[in-house]
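J.: Here is how the chains run, residue by residue.
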Amino acid sequence: MDQNSLGAQVAAKWRKKRGSLIMALHEIQGVKGFVPWQDAMDLAEGMGIPLARIYEVLTFYNFFKLDAPGKAVISVCTGTACYLKGNDKVLEEFKKELGIGEGESTPDKMFHLQSVRCVGCCGLAPVCVVNGKTYGRLTPTDVRGILEEWRKKLSEDEELA
Amino acid sequence: MVDTDLDKRFDIHEIAKNKLNELERFQCSIYCCHSTGCKSSGSDDIIDLIKKAIVDHGIEDKVRVVATGCMGLCAQGPLIRVEIKGQKDVLYKRIEPLIARLVVTEHVVPALNLKEGEIFELPNFLQEHVLSLELPFFTKQEKVVLKDAGHMDPEDITEYMAHGGYLALEKVLKTMTPAQVVEEIKKSGLRGRGGGGFSTGMKWEFAAKVPTVDEKFIICNGDEGDPGAYMDRSILEGDPHSVIEGMMIAAYAIGATEGWFYVRAEYPLAVERLEKAIKACKKNRLLGNNIMGTDFCFNVDIRLGAGAFVCGEETALIHSIEGARGTPRPRPPYPTNKGLWGKPSCVNNVETLGNIPKIILKGADWFASFGTETSKGTKVFALTGQVEHSGLIEVPMGTTIDEIVNEIGGGVPNGKKLKAVQTGGPSGGVIPADKMDLPVCYEELKKVGSIMGSGGMIVIDDTQDMAALANFYLDFTVDESCGKCAPCRIGGKQMLLLLEKINKGKGTKQDLADLKRIATAMQKASLCGLGQTAPNPVLSTLKFFESEYLDKLVDNKPASKEEK
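Going down the list, the sequences are from chains A and B.
Note that the first sequence covers residues 1 to 161 in the numbering used here.
Note that the second sequence covers residues 162 to 725 in the numbering used here.
Derived by calculation from the structure, the hints in this document are not laboratory data.
Hints may be right or wrong, so weigh each one.
FRET-style restraints, in silico, Cβ to Cβ [as the list claims (entries may be wrong)]: (1) A:Gly30 - B:Lys213: 25 to 33 Å; (2) B:Leu658 - A:Ala12: 44 to 52 Å; (3) A:Gly48 - B:Asp462: 34 to 42 Å; (4) A:Lys89 - B:Asn182: 52 to 60 Å; (5) B:Ala647 - A:Gly33: 52 to 60 Å; (6) B:Asp462 - A:Ala12: 13 to 21 Å; (7) A:Gly33 - B:Thr336: 47 to 55 Å; (8) B:Gln341 - A:Asp2: 33 to 41 Å; (9) B:Lys437 - A:Arg18: 36 to 44 Å; (10) B:His218 - A:Asp157: 48 to 56 Å; (11) A:Lys89 - B:Gln341: 35 to 43 Å.
Once the Cα atoms are required to be at most 35 Å apart in a straight line, the calculated DSBU-like pairs of lysine-lysine come out as [unchecked claim]: (12) B:Lys348 - A:Lys89; (13) B:Lys180 - B:Lys213; (14) B:Lys645 - A:Lys95; (15) B:Lys308 - B:Lys348; (16) A:Lys95 - B:Lys662; (17) A:Lys16 - B:Lys645; (18) B:Lys665 - A:Lys89; (19) B:Lys596 - B:Lys308.
Partial list, derived from the structure: chain B residues whose beta carbon lies under 7 Å from chain A [what the hints assert, rightly or not]: (20) Gly389; (21) Arg490; (22) Arg492; (23) Ser551.
The beta-carbon is built from N, C-alpha and C at its ideal position, and this holds for glycine as well.
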């Protein structure tokens, strides 16, 4: 095992604490955006937890991702307030514009589309969140503008890098 | 050994006094809502702008800018509240960058320049952005748990102390026995605010009776799963110390050695504020050994959820804290006997714990003076959906739904009519418009087939198809079912298939009968609350809006036409 891998480092930090597997997985996903297979294996070895148990936990909870998502993660809220205000149409518009389904990323790895249960901004319903930025009082016609904004932002970021 | 010098330095009365003196120096406080709702509508930038404008005018020694927790009226955010000594408080809505600067230059600066006794007249162009504090939304509420949220810096422990924070803890540690604390909470009539409504005092009594062999835990359930509700999040964001203090009092009462906060990972701001609050407690020796110079030793830790609705169920939550899949198990044994790591554990909801310090300080009788015969105190609701003033509210138990929706909420917007109100989220039911005089309390809501739940209250207008709404909720619970027990795993799926068929206009009378039959079976046979309550939205909409279902059946078309 590579002692410097993220999985190993996280394992060293949490191994002595009780009930820390989910916290350790949060930490890995926090850095990498998902839980890579290799890190999960290093974590298993470092924490002395069978890999099967880690896989069991990863697949039980909605929050964890096993594959790298697109650079901009679009979370469309499907809570009750957003549902009543017609967020299904917004979600459909995103699907149509991006040509992907829920839980999928675009082939160029630019966007990842997911539906989430209530982001807690019910007063602004319907809502979607893109990489932490919230867009409220949405209509399907806003979708194209949001995607344009992020396409521009992502390509600018790339140029800077 | 107790170090008296140190105790003096950490004396909460000293800290509170110093802070009050410090606050007294300011002539003006600008409170900026900095909870998730207002942050989403851009309050970060607004706060920076206001701070900058104040520095530009060189009035930073007279004016303080405070980033607070939720002020309630989320739909009108970002909100800011300007309080100037000798002047009326002003609440601004939907603040934009330009207005934010004008609030400083055209309101705060000129008002501060006035002589004593002179009253400031707000210019007309600012008047347009003012939300009247005389609105029923504000005047009809009764704030106990949310009293200080929105009116102080949640990240500053000294400000919490200046508001009387940790005095309740001091009172129990120094003047009350654990049994007296349990007795006081029992007397207050406080019931679990997570939705179950079990007497908190009785739960503590059970937990206290189990001897502490080596460990006993107190757990705070902050896994607010109802999609459309955010009471617990707002309490944790706006007043995290009150929940910690409540937990410490609970720990003292039941003899717990360690506390655990279980909070949804989807609430990063609440987690961050809670972490900061715990750190501040440790620094001020309010957590750790020999707290306040007594024998009481207590520590807390946080565990995050990871997006599983079922984890709100206490046995599933306990498994999740242990780092495993969040599947429930049969009770008994109840967690008070056998909980986290097999040790006795008491699980209380965020809002429940937030009530505790207030009850201890003001007394059980004061608390019991709010509410009805069987439901005491106040309840926080997230009032959302098709309602004018969508936001976070707190009302005494027994307030009618009509008062909440039409007075506080300002009714249904866009000239539409109220059809129903939904409480209890995916585990609850609907209350039709003709039952709006129903008082909100555990028993009355149950009588009409809904539940109190954790505090989600969704207003539905007459354009909403109720069978589709039931479909929405059922889709949610089926997706969130953990799959452990057959009634929930299989029953839920079958119900959903039937309901979808009906909603597509392909269902038959037999399908509707089957739907009801499976629903009843699920209620009776499911292992945990999720499965037992999952059919509620279907049964409750069927009870009050059956014709909407019948209209969709293929073999019922002519009959429904006759009805009309």
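J.: Does each hint hold? Answer for all of them.
T.: Verification of the supplied hints:
1. A:Gly30 - B:Lys213: 25 to 33 Å: holds, 32 Å
2. B:Leu658 - A:Ala12: 44 to 52 Å: holds, 48 Å
3. A:Gly48 - B:Asp462: 34 to 42 Å: violated, 20 Å
4. A:Lys89 - B:Asn182: 52 to 60 Å: holds, 56 Å
5. B:Ala647 - A:Gly33: 52 to 60 Å: The hinted range 52 to 60 Å is violated for Ala647 of chain B and Gly33 of chain A, with Cβ atoms some 37 Å apart.
6. B:Asp462 - A:Ala12: 13 to 21 Å: Holds: the Cβ-Cβ distance is about 18 Å, inside 13 to 21 Å.
7. A:Gly33 - B:Thr336: 47 to 55 Å: holds, 52 Å
8. B:Gln341 - A:Asp2: 33 to 41 Å: violated, 57 Å
9. B:Lys437 - A:Arg18: 36 to 44 Å: Once the Cβ atoms are compared, 23 Å apart, the range 36 to 44 Å for Arg18 of chain A and Lys437 of chain B is violated.
10. B:His218 - A:Asp157: 48 to 56 Å: The hint (48 to 56 Å, Cβ to Cβ) is violated, given that His218 of chain B and Asp157 of chain A are roughly 37 Å apart.
11. A:Lys89 - B:Gln341: 35 to 43 Å: Since Lys89 of chain A and Gln341 of chain B have Cβ atoms about 57 Å apart, the given range 35 to 43 Å is violated.
12. B:Lys348 - A:Lys89: violated, 50 Å
13. B:Lys180 - B:Lys213: Holds, because 24 Å separates the two Cα atoms, which is no more than 35 Å.
14. B:Lys645 - A:Lys95: holds, 33 Å
15. B:Lys308 - B:Lys348: Cα-Cα ~22 Å, so holds.
16. A:Lys95 - B:Lys662: holds, 24 Å
17. A:Lys16 - B:Lys645: holds, 30 Å
18. B:Lys665 - A:Lys89: This hinted pair holds, its Cα atoms lying about 18 Å apart.
19. B:Lys596 - B:Lys308: holds, 30 Å
20. Gly389: Because about 3 Å separates Gly389 of chain B from the closest Cβ in chain A, which is inside the 7 Å limit, the hint holds.
21. Arg490: violated, 15 Å
22. Arg492: violated, 20 Å
23. Ser551: OK, holds: Ser551 of chain B within 7 Å of chain A, min 4 Å.
Comparing the model with each earlier hint shows violations of hints 3, 5, 8, 9, 10, 11, 12, 21, 22; every other hint is respected.
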